[in-house]
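Colleague: Each chain, written out:
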Amino acid sequence: MADLAARVVIAGAGHAGGSAAAFLRQYGHTGPIALIGDEPLVPYQRPPLSKAWLKGEADAASLAMKPAEWYGDNGCSLYLGLSVVGLDRTARTVSLSDGRSLGYDVLILATGARARTLPLPGADLSGVMALRTAADAEALKAALGPGKRLAVVGGGYVGLEAAASARALGSEAVIIEREERVLARVACPLLSAFFTGYHQSRGVTFELSAGVEGFAGQDGRVTGVRLADGRTLACDAALVGVGAIPNDEIAQAAGLDCKGGILVDAEARTSDPDIFAIGDVTQRPLPLYDRTVRLESVPNALEQAKQAASAITGRPGPAPEVPWFWSDQYDLKLQIAGMPFDADTILVRGDPAAAKFAVFHLKGDWIQAVEAVNAPPEFMMGKSLIGSRKAISREKLADPSVSMKEVAA
Amino acid sequence: MARITYVEHDGTEHIVEVKNGTSVMEGAIKNNVPGIDADCGGACACATCHVYVDAAWDGKTGAKSAMEESMLDFAENVEANSRLSCQIKVTDELDGLVVRLPESQH
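Same order as they appear, the protein sequences are chains A and B.
Numbering-wise, my numbering puts 183 at position 183 of the first sequence, and it's gapless, one number per residue.
Numbering-wise, my numbering puts 12 at position 12 of the second sequence, and it's gapless, one number per residue.
What the hints contain is simulated information worked out from the structure, not anything from laboratory work.
If you're wondering where the values come from, they're calculated on a predicted model, not measured in any experiment.
The beta carbon of each residue, even a glycine, is placed where N, CA and C say it ideally should be.
Be aware that a few hints might be false.
[Stated by the list, open to error] Below, simulated BS3-like cross-link-like pairs (lysine-lysine); rule was C-alpha separation at most 25 Å, straight line: (1) A:Lys55 - B:Lys30; (2) A:Lys396 - A:Lys363; (3) B:Lys30 - B:Lys19; (4) A:Lys51 - B:Lys60; (5) B:Lys30 - A:Lys51; (6) B:Lys19 - A:Lys55; (7) A:Lys55 - B:Lys60; (8) A:Lys333 - A:Lys259; (9) A:Lys363 - A:Lys405; (10) A:Lys405 - A:Lys356; (11) B:Lys19 - B:Lys60; (12) B:Lys19 - B:Lys64; (13) A:Lys405 - B:Lys64; (14) A:Lys356 - B:Lys64; (15) A:Lys51 - B:Lys64; (16) A:Lys51 - A:Lys356; (17) B:Lys89 - B:Lys19; (18) A:Lys356 - A:Lys396; (19) B:Lys64 - A:Lys333; (20) A:Lys141 - A:Lys55; (21) A:Lys55 - A:Lys333; (22) A:Lys333 - A:Lys51; (23) A:Lys333 - B:Lys89; (24) B:Lys30 - B:Lys89; (25) A:Lys51 - B:Lys19; (26) A:Lys51 - A:Lys148; (27) A:Lys333 - A:Lys141.
[What the hints assert, rightly or not] Negatives, chain A to chain B, calculated, CB over 10 Å: (28) Pro48; (29) Pro67; (30) Ala139; (31) Arg178; (32) Pro287; (33) Pro299; (34) Pro340; (35) Thr345; (36) Pro352; (37) Ala353.
Let's have the full structure, built from the sequences with the hints guiding it.
Modeller: Rendered as structure tokens:
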């Protein structure tokens, strides 16, 4: 039985936590909401940090999900610049980094993930940075500009987007990747090759299969990245983008089931029925693929925020969604739907040389995932076909003269 | 500044003052108007900020880009007056704009 007057505490004021507060109010929750965030800012959009914001095309107000006054006007108490340091499930309290504690009837853990750091010599030099928060983005932006040299350690999306933004700001950029290709963990080899070529033709250089030994510095500031082969690549700033680690320590210490993130069910509920977990910190079921995954994406944060808010207010949950992701680099819009689990065939539709194509990952005649570059029809219809589990004809799908509507018919 | 009326699928109206230079989508999100999801935050990547522009405002909300056309083409329940509200920039000329929201964005 839903208690619309329950005291809800939300630990974490990122995209997931901020959205949960908003959905609770949309769904008629009347009880007090406390929103705790370790950054000094009201919830904001992170994706633009490596894109529009870095290039100076977005400001703090446009990044904010809601204006600051919305929270007070809607009975949401903000505890910003504070983190949750403890959870007492018996007393139903969370303790904050300033010594206060807050009681809850329902707790939502939205503590997110933090950038993985490299335990290498020189990693603590000024100018060796991560890109996760607005403060990180501010520091990176200050280090970029005409003639500056950015070294990116890690060829994932954050690194590629930052390199593209650096080039737009007139900086040099080199991407250093341990694997033999960029996006090795998240995209197929064809897409890796496409993005590498696109970046190269826009002046980005690559060091692939390259180990990093450490960072060189002078007067406490980074001056280069030392590679395993003995070379040092000179730079004015080094961005480390080598993945993220879920902030699930508090949940673990409190005895909640965790396994590479906080384990939740399809309602975003943890092993304690009064505690939900949402967003990057969770290990969640993905019924479509019959497994659990930890997803780092805005659509995932929003879906789980809706699940938790629905369960708390006694509404039916949202329809299950196909996971999806996007990335903007130069004039490329990459949209990915689904996960390529168990795929047996990769099928390319369109022309990579024309920067307009889609890569489909098929399991038999089912689409498991699609990676679409400047190809919205392939993304939109592909996402729909992944969700509906409808068999398609490979011949039709491979022929760009057959429309996606016809492929789906 | 423009006063914009968002009409939910069930008829509930939300009247909101929206700043020039922001988008019709942002006006809804920043004021917690239900019915516009805007998963991608305005990157024209998701088609979850679909609205129907009231007939009186036909032609005043600017032209659709190829990307918007292409995304809308595959959204649910699309009509001739469908737009992605993240792509409609607010100006004084849109004062009084009425947009209707679809039953679902997903």
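Colleague: Now tell me, hint by hint, if it's right for this structure.
Modeller: Going through the hints against the structure:
no.: 1; hint: A:Lys55 - B:Lys30; verdict: holds, 23 Å
no.: 2; hint: A:Lys396 - A:Lys363; verdict: holds, 16 Å
no.: 3; hint: B:Lys30 - B:Lys19; verdict: holds, 11 Å
no.: 4; hint: A:Lys51 - B:Lys60; verdict: violated, 30 Å
no.: 5; hint: B:Lys30 - A:Lys51; verdict: holds, 21 Å
no.: 6; hint: B:Lys19 - A:Lys55; verdict: holds, 22 Å
no.: 7; hint: A:Lys55 - B:Lys60; verdict: violated, 30 Å
no.: 8; hint: A:Lys333 - A:Lys259; verdict: violated, 33 Å
no.: 9; hint: A:Lys363 - A:Lys405; verdict: holds, 20 Å
no.: 10; hint: A:Lys405 - A:Lys356; verdict: holds, 18 Å
no.: 11; hint: B:Lys19 - B:Lys60; verdict: holds, 17 Å
no.: 12; hint: B:Lys19 - B:Lys64; verdict: holds, 21 Å
no.: 13; hint: A:Lys405 - B:Lys64; verdict: holds, 21 Å
no.: 14; hint: A:Lys356 - B:Lys64; verdict: holds, 20 Å
no.: 15; hint: A:Lys51 - B:Lys64; verdict: holds, 23 Å
no.: 16; hint: A:Lys51 - A:Lys356; verdict: holds, 21 Å
no.: 17; hint: B:Lys89 - B:Lys19; verdict: holds, 10 Å
no.: 18; hint: A:Lys356 - A:Lys396; verdict: holds, 18 Å
no.: 19; hint: B:Lys64 - A:Lys333; verdict: holds, 17 Å
no.: 20; hint: A:Lys141 - A:Lys55; verdict: holds, 8 Å
no.: 21; hint: A:Lys55 - A:Lys333; verdict: holds, 16 Å
no.: 22; hint: A:Lys333 - A:Lys51; verdict: holds, 12 Å
no.: 23; hint: A:Lys333 - B:Lys89; verdict: holds, 21 Å
no.: 24; hint: B:Lys30 - B:Lys89; verdict: holds, 15 Å
no.: 25; hint: A:Lys51 - B:Lys19; verdict: holds, 23 Å
no.: 26; hint: A:Lys51 - A:Lys148; verdict: holds, 18 Å
no.: 27; hint: A:Lys333 - A:Lys141; verdict: holds, 22 Å
no.: 28; hint: Pro48; verdict: violated, 7 Å
no.: 29; hint: Pro67; verdict: violated, 6 Å
no.: 30; hint: Ala139; verdict: holds, 22 Å
no.: 31; hint: Arg178; verdict: holds, 29 Å
no.: 32; hint: Pro287; verdict: holds, 16 Å
no.: 33; hint: Pro299; verdict: violated, 5 Å
no.: 34; hint: Pro340; verdict: holds, 19 Å
no.: 35; hint: Thr345; verdict: holds, 23 Å
no.: 36; hint: Pro352; verdict: holds, 19 Å
no.: 37; hint: Ala353; verdict: holds, 20 Å
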